[in-house]
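Colleague: Using the sequences plus the hints, can you model the full thing?
Chains as they are written, first to last, in our numbering: chain F, 1 to 151; chain C, 152 to 527; chain P, 528 to 889; chain E, 890 to 1049.
Since the hints were made in silico from the structure, they are not lab data.
Please note: incorrect hints may appear among the correct ones.
Computed far set for chain E versus chain C, every beta-carbon distance over 10 Å [claimed, not checked]:
{"no.": "1", "residue": "P949"}
{"no.": "2", "residue": "E952"}
{"no.": "3", "residue": "L998"}
{"no.": "4", "residue": "C1011"}
{"no.": "5", "residue": "D1014"}
{"no.": "6", "residue": "M1018"}
{"no.": "7", "residue": "G1040"}
{"no.": "8", "residue": "I1043"}
Quick look at which bits of chain C chain P covers, simulated, 3 or more residues with Cβ under 8 Å [what the hints assert, rightly or not]:
{"no.": "9", "segment": "390-398"}
{"no.": "10", "segment": "491-503"}
Yeah, the Cβ is synthetic: ideal placement off N, Cα and C, and Gly gets one too.
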Amino acid sequence: MTHEELTAYLSSRFPAAEISQGKQYVEMTVAASDLHSVAQQLKEAKEAAFDYMVCLSGVDYPDHIKVVYHLESTSLQHLLVLKVKTDGRENPVLDTLSDLWPTAEFHEREVYDLLGVKFNNHPDLRRLFLDDTWGFPLRKDYVDDVHIVSR
Amino acid sequence: MAELKEIIISSDNIKTDEYLVNMGPQHPSTHGVLRLLVKLEGEIVHNVQPHVGYIHSGIEKMTESLSYTQIPHLTDRMDYLSAHMNNEAVVCVENALEVEVPERVKYIRTIMAELQRIASHQLWWCATGMDLGALTTFFYGLRDREDILDIFEETCGARLTLNYSLPGGVMFDIHPNFQNRVKTFIKKFKKILPEYDELLTGNVIFQERSKGIGVLSKEDAIAFGVTGPSGRASGFSCDVRKHQPYSAYPLVKFNEALGTEGDTFRRYQLRIAEMWESMSIIEQLIDNIPEGDYTAKMKGVIKLPEGEFFQRVETARGELGVYIVSDGKKNPYRVKFRSPGFSNLFAINHIAKGWKIADLVAIMATFDLVIPDIDR
Amino acid sequence: MAFEKYDFTPLTQSIHQGLLENVSPLMTMIIEWTIIGLLYLVFVAVFGLFLVYAERKVCAAFQQRLGPMRVGPWGLLQTIADFIKLLMKELIQPKSVDSFLYNLAPFVVIIVPFLTISVLPFAPGLQSLDFDIGVFFVTAVSSVGVIGVLLAGWASNNKYSLIGGMRSGAQIVSYELSVGMSLITMIILAGTMQISEIVELQRNGWFIFKGHIPAVIAFFVFVIAGTAETNRGPFDLAEAESELTAGFHTEYSGIKFAFFFLAEYINLFIVSAMAVTVFLGGWMPFHVGGWDGFNAIMDLIPGLVWFFAKVLGIIFLIMWFKWTFPRLRIDQILTLEWKYLLPINLFNILLMAFIVLMGWHW
Amino acid sequence: MKSFFNYISEILRGIWTLLVGMRVTAKYFFTPWRNVTQQYPENREKLVLADRFRGEVVMPHNENNEHACTGCGICELNCPNGSIEIISKSIVTEEGKKKRIIDQHIYHLGMCTFCNLCVKTCPSDAIVMAQTFEHAHWDRASLTKILNKPGSKIMDGVKE
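Modeller: Structure below.
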């Protein structure tokens, strides 16, 4: 599907979502509460068929944390950037997508480890790289006087 | 007699205990500091739990305080065996800036990337042989890899951490000897590569050890995001060079090697096939490198426009995705590297279940894990 | 016969007579035992070190390397330096091992080659024990070694060691069968189990030539099974470096590790020596029927040289296997034995019996 | 009967593949002159490193003990890991003008990742990569080097 077709399809299917044409790909922002149902439809709908999760990243912003899913369809060859904002930074919680894309399980663990986003219903939500006492280093307000030397 | 019968019947109920074995962080076949917590029953693997992070170096955090010219040298250190392909992720910065890089740069980058792919697969080949107990392969592979590293040394000034691609171009122009040396290498390696097949591929022991072992279906490969040769062996057509061509890939003809079996042997064969493909790509380009600048005109301080950028490149292990969030300053706001090894590693648990320890080692070998790539 | 002049019997006899004339028979026996014991000890140590050196050089040559080059000319003293280092190393004993068995295992492993080596005829007159059941003795005693490996695997209280020990147990029990059967094939041909007599019977032709095809098959089966028995690649499952780090001797250090290491190489020597004795005529020179001039030249070479030349040839072959092939998996190793080697062996025995029955073997 | 022949041919084929492998290793065993090993300290004289090889950053001086470094600090800015520190001082030139010149160009070899960015960005080409590679030292302090030689001064004609 071309970008226009995809945009048209998505806006008819998900009227609640914010859909925009980004610099490279179609971007769609959904509410945290809708995340799982939207993702499920994206994966299962024949016209969308996003069966491959390329990348899952978390980005820290001053008032929220954004989790970005890059989804691709291997059959239809289109890519969608799905974004979801957490509610604040104190206790960010999202639904897991690891039941839809198994690869999300470990990407979500990474996001939890480095940014502190918790994922509901995640089968094994433990820290991945760092130990339990560590802070969340990819947050912008993270300070570490021992390991980070800035000049 | 009755007693014996009773024993035989009751022996069905005898169960052996499962036990846990830590493979790693220091283990010969984990190729670095990967720790696998393996649940075994006798020799049979029941569960594999990878524990990563022993060499987590915080590259993503470091990039937030570096400029766009400085970041590529850190990507060398992620997947050090495909350093140049990682460097090539600067394509993302170029696309964001809408800079048109000279044709010459594209050619050089592609040739370098393919040389690097051959070098990486050579090292993978020797490590696979070693993991399966054929120690001699290790030295033959390294011997041939040395030729490529010498070419790199001459042109890039380094053997492993090349830092050759910079936003807008490459670090140096190619060395005057470059084309000749590459051609000599290709000629030589075409004679040596069949020897690899004679020594290992055809070997009956190797085939017994690898055929039908650790089968990854196409659906699982997609679901787990297994890319690169490991995913293609299962039939998952995921070659970024084909689907979203960058650099000089649109100009060359090559086949995306695809398999259907998805077993250890197919993954092995696919990488050997990729070496042949890479050689053919280099042959198509090496004589036609256009004249021109080796770098585009770039500003002294590169500032990306505000926005989000995503670019994928094909490394020797699969898709390397670079996701840059820019706020318009000279440092990126956030850089995420989607490393191929990370996704590939976690598919191992799924396919290693029910196989023996020796098979687990073989499966790991053909997934071609590079640990800094996983930990970043 | 020309090679009789290299016979060691007069030498040993004169020592024996000289001792008898000077000291009591009991003392004679004690002195002789001590001398023989010391000779074997020195031989095992020196030849073991030589084999380690040879393996390093051979594998280096296969891999286009140079091997050890630093200690002594061409690295000749490298293994001696390594041995000294192993002697001086601390003996680390992990906390929760079964102390007695843990310490016993290396001795069980190292005693076996000493027992087996005693029946090997190195040259005419150079054989310390000559039973009439010599071949049987070798097969029986060499199986004891697996107990040491099993003990080491069990007592180390390490999962890798345990897996290694168990693998080794399964493997050696199976391959013992093939070794035994291929020897039985040759015993049918020879009609005796006495080793000196087996060698003597090959005076006018080695068994591998006399026994036609069955002997050749038996020889290859013996070499394969012997490689497996010594736990060497491609059958080095008990160590399986890439799977089990070091297998059964993971927890051993210093001289105890050296015992395992030395035993492996001496076992390699013994397997090769048995192959040479039973199939390739022991210390008998190579003769071609009818070529008297050629045979006379061959006779000029001493039996000791013949023996070691052949043994080193077989050792080279086994090393060649190790540095070429990938390792088998445990179930494949058992498949190879029970599905391939054993049926071939059984058939081979039948064939050999038939040949002997028809009298085609002389 | 067919399965019996399969069994035999399977064995023979297996043995053949093993022999093919053994031929490869034997080929290299019996051609020792093709060995690739070089003995390192012995081959020091013959060792030729590529002229672009990045061994360490040095500042070339001419015969009058002059270098081309203006002390502008661009290399320091471009260094990703802070291996370069520039300490400059101000002097009064003969014409009576105040001028900042380089006092010490400090280079921490132990922190350097040999990315070549300092050399590439240097506007006066004052620093280059040397081909030395034997950087083992007993003391970490000896990895910190001052690149401009004592008493050296800037070459004439270098653009400020």
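Colleague: All hints, please: hold or fail.
Modeller: Verification of the hints:
no. : hint    : in the structure
1   : P949    : holds, 17 Å
2   : E952    : holds, 27 Å
3   : L998    : holds, 15 Å
4   : C1011   : holds, 13 Å
5   : D1014   : holds, 14 Å
6   : M1018   : violated, 7 Å
7   : G1040   : holds, 31 Å
8   : I1043   : holds, 22 Å
9   : 390-398 : violated (count 0)
10  : 491-503 : violated (count 0)
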